[in-house]
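Novice: One line per chain: the protein sequences are L and E, in this order.
Just remember that our numbering sits 2 ahead of the position in the first sequence, which is counted from 1.
Just remember that our numbering sits 2 ahead of the position in the second sequence, which is counted from 1.
Hints are not guaranteed to be accurate.
[Claimed, not checked] Here are the simulated BS3-like cross-link-like pairs (lysine-lysine), alpha carbons at most 30 Å apart as the crow flies:
#	chain 1	residue 1	chain 2	residue 2
1	L	K271	E	K271
2	E	K229	E	K108
3	E	K180	L	K125
4	L	K303	L	K210
5	L	K210	E	K271
[Unchecked claim] Pair by pair, the computed Cβ-Cβ distance ranges are:
#	chain 1	residue 1	chain 2	residue 2	range
6	L	D101	E	E231	44 to 50 Å
7	E	T283	L	G162	57 to 63 Å
8	L	A208	E	S54	34 to 40 Å
9	L	L251	E	P122	43 to 49 Å
10	E	V100	L	A208	49 to 55 Å
11	E	D161	L	A208	48 to 54 Å
12	L	V193	E	D118	37 to 43 Å
13	E	L251	L	V193	34 to 40 Å
14	E	D161	L	Q165	50 to 56 Å
15	E	N36	L	R256	54 to 60 Å
16	L	H253	E	T268	20 to 26 Å
17	L	A208	E	E196	32 to 38 Å
Since the hints were made in silico from the structure, they are not lab data.
Backbone N, C-alpha and C define an ideal beta-carbon position, used for all residues, glycine too.
There are 2 protein chains.
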Amino acid sequence: MSTEPPALLAADWGTTNFRLFLFSADGEIIARHNANIGLKNLGVLSFEQALSSVMKEDFARPDLPILLSGMVGSRTGWKEAPYVPCPAGAKEIVAGIVDAPSDRLKVKIVPGLSADADHPGIKNVMRGEETQIFGLSQKHGDGVFVLPGTHCKWAVVHDGTIQGFSSYMTGEMFQVLKRHSILGDLMENDVDDEAAFTLGVDRAMADKSFLSLVFSARTEGLFGNIKPESLSSYLSGLLIGSEIRAESLRHGIRPVTLIGAGSLITLYKRALNHTGFTDVTEIDGDEASSAGLWALAQQGKLI
Amino acid sequence: MSTEPPALLAADWGTTNFRLFLFSADGEIIARHNANIGLKNLGVLSFEQALSSVMKEDFARPDLPILLSGMVGSRTGWKEAPYVPCPAGAKEIVAGIVDAPSDRLKVKIVPGLSADADHPGIKNVMRGEETQIFGLSQKHGDGVFVLPGTHCKWAVVHDGTIQGFSSYMTGEMFQVLKRHSILGDLMENDVDDEAAFTLGVDRAMADKSFLSLVFSARTEGLFGNIKPESLSSYLSGLLIGSEIRAESLRHGIRPVTLIGAGSLITLYKRALNHTGFTDVTEIDGDEASSAGLWALAQQGKLI
């Protein structure tokens, strides 16, 4: 750990994960910490207690500015920071920052964003991703940012402003279909089968009916066309392909920046490359979160 | 109960349901019986034991011909009756009938059907529905038959032959999303809300991205646009609408015959009427099964 004095404590605080970053006055990360205090794991702890439990003594100054992003700002979080409508740039996001109630700590929370969906009246929402996207766009400029996960987001940034975004239930759909539907029944000893995955992507790209096509994750097993250990890869390809198809129809093929890490990013990169998205930049999710928290703290004059 | 001697015992024997029909020599139904011996409820009983348990003494002649349809002919059933490929008429279905092993009873099982899906190489399958469709087409002629359920089927009959069909995971998708995904979290005290249902149908008919649109069953609740008690109707509308959209794209709007009973049929009829399918005939599922079993027994010279 650096000997520089901390100037900002910031964290991406979600339903599952908590990622803390301690910054020096010049924006250098002098400490990082991940903790198992996602919203669903808080138990009887208050948000203030949970946060205090991970603040080491050497940076537990009561006047240290603290900035949080993610589900901690939702209705069931520490304090609701209402969704800011897109288009939203630094000014709009900063204006939506709220103070969290605390006797001992100086805590502020970044708002989530909402955006109009294709259908009049329907909104998409995000919490946490806006900070990641904003941070990267400050560093790398405009573009299309793709954030795979339980509910994958595709966001468009232009002139430093998040113009809008779409949500896809891809990750959660994969989990519930695999665990709770008949599609999981024939799956066994899953392996990462690239051929089965890209077959699923190809079929989804050519498809007009998700509810019919997805059933092929059963029939292809029944007829022995795809082995039990490869059916999971095939289903994953169908779902990610269906998402990429929709984005291709909406915006065409463009350079994209993938935010995240691990096997899910590998699958998205594979599917994107396979469907003509050859210009794909990968950026680690923690790097995106820390860049966004720092940039918003500066813009919001917390430091 | 009639005093006529029974000439045929037939049953639609599925995963959940068992529906028995006892026919006189002229095809009149002289007794019916539903029993809780679906495949998943058999416990330690053999198929022969389960069937014997519901055969009353007065028709338990060992030489009484017995014809079964449904999942009882699947790989995990009494005896596998391999799928017969479409197009399939009486001749092809009858040729696929198999004998079930039994020391005491004369049991035959109707095969399921397979059909090519839109994507080269993918198959759709059905078991039990082929008997219903065949029975109705014998009585009412050619047409498009829609069989809502866990995996809804749309079948086209021309010249007395089942030309092909599509499967949709609509019913199961509704159940798993409602019970196991975030979409069920905001649902409370479900009511049948026709306005929310048709809103879902309309949006699905105009949609190109299922994985994005379906997430609106959460955001519409979050923003208070749809009440907690109506979100289930809205999700149901999204799913049934998505299915009808796909069939409209494939085959256009045509007269259809809905097979089944109960609230699911009411919902499908409402969605079909709302989307321009104004010529909809409803036929009870039991009537369809009994008509099909009788017709196949005659064509197969069981009686």
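Novice: State, for the Cβ atoms of L:V193 and E:D118, whether the hinted interval 37 to 43 Å holds or is violated.
Specialist: Check failed, 28 Å falls outside 37 to 43 Å.
Novice: Does the hinted range 34 to 40 Å hold for E:L251 and L:V193 at CB?
Specialist: Once the Cβ atoms are compared, 35 Å apart, the range 34 to 40 Å for L:V193 and E:L251 holds.
Novice: Check whether the Cα positions of L:K210 and E:K271 lie no farther apart than 30 Å.
Specialist: holds, 23 Å
Novice: Between L:H253 and E:T268, is the Cβ distance one that fits in 20 to 26 Å?
Specialist: Cβ of L:H253 to Cβ of E:T268: about 39 Å, so the range 20 to 26 Å is violated.
Novice: Is it true that the C-beta distance of L:L251 to E:P122 lies inside 43 to 49 Å, as the hint says?
Specialist: violated, 22 Å
Novice: Looking only at beta-carbon atoms, does the pair L:D101, E:E231 fall within the given range of 44 to 50 Å?
Specialist: Given a distance of about 35 Å, which is not inside 44 to 50 Å, the answer is violated.
Novice: Take the C-alpha atoms of E:K180 and L:K125, compute the straight-line distance between them, and say whether it is at most 30 Å.
Specialist: This hinted pair holds, its Cα atoms lying about 20 Å apart.
Novice: At the C-beta level, are L:A208 and E:E196 separated by a distance inside 32 to 38 Å?
Specialist: holds, 35 Å
Novice: Using the C-beta atoms of E:N36 and L:R256, is the stated range 54 to 60 Å upheld?
Specialist: holds, 58 Å
Novice: Range hint 48 to 54 Å: satisfied by the CB atoms of E:D161 and L:A208?
Specialist: Given a distance of about 30 Å, which is not inside 48 to 54 Å, the answer is violated.
Novice: State, for the Cβ atoms of E:V100 and L:A208, whether the hinted interval 49 to 55 Å holds or is violated.
Specialist: violated, 36 Å
Novice: Lying within 34 to 40 Å: is that true of the beta-carbon distance L:A208 to E:S54?
Specialist: violated, 50 Å
Of the numbered hints listed earlier, those contradicted by the structure are 1, 2, 4, 6, 8, 9, 10, 11, 12, 16.
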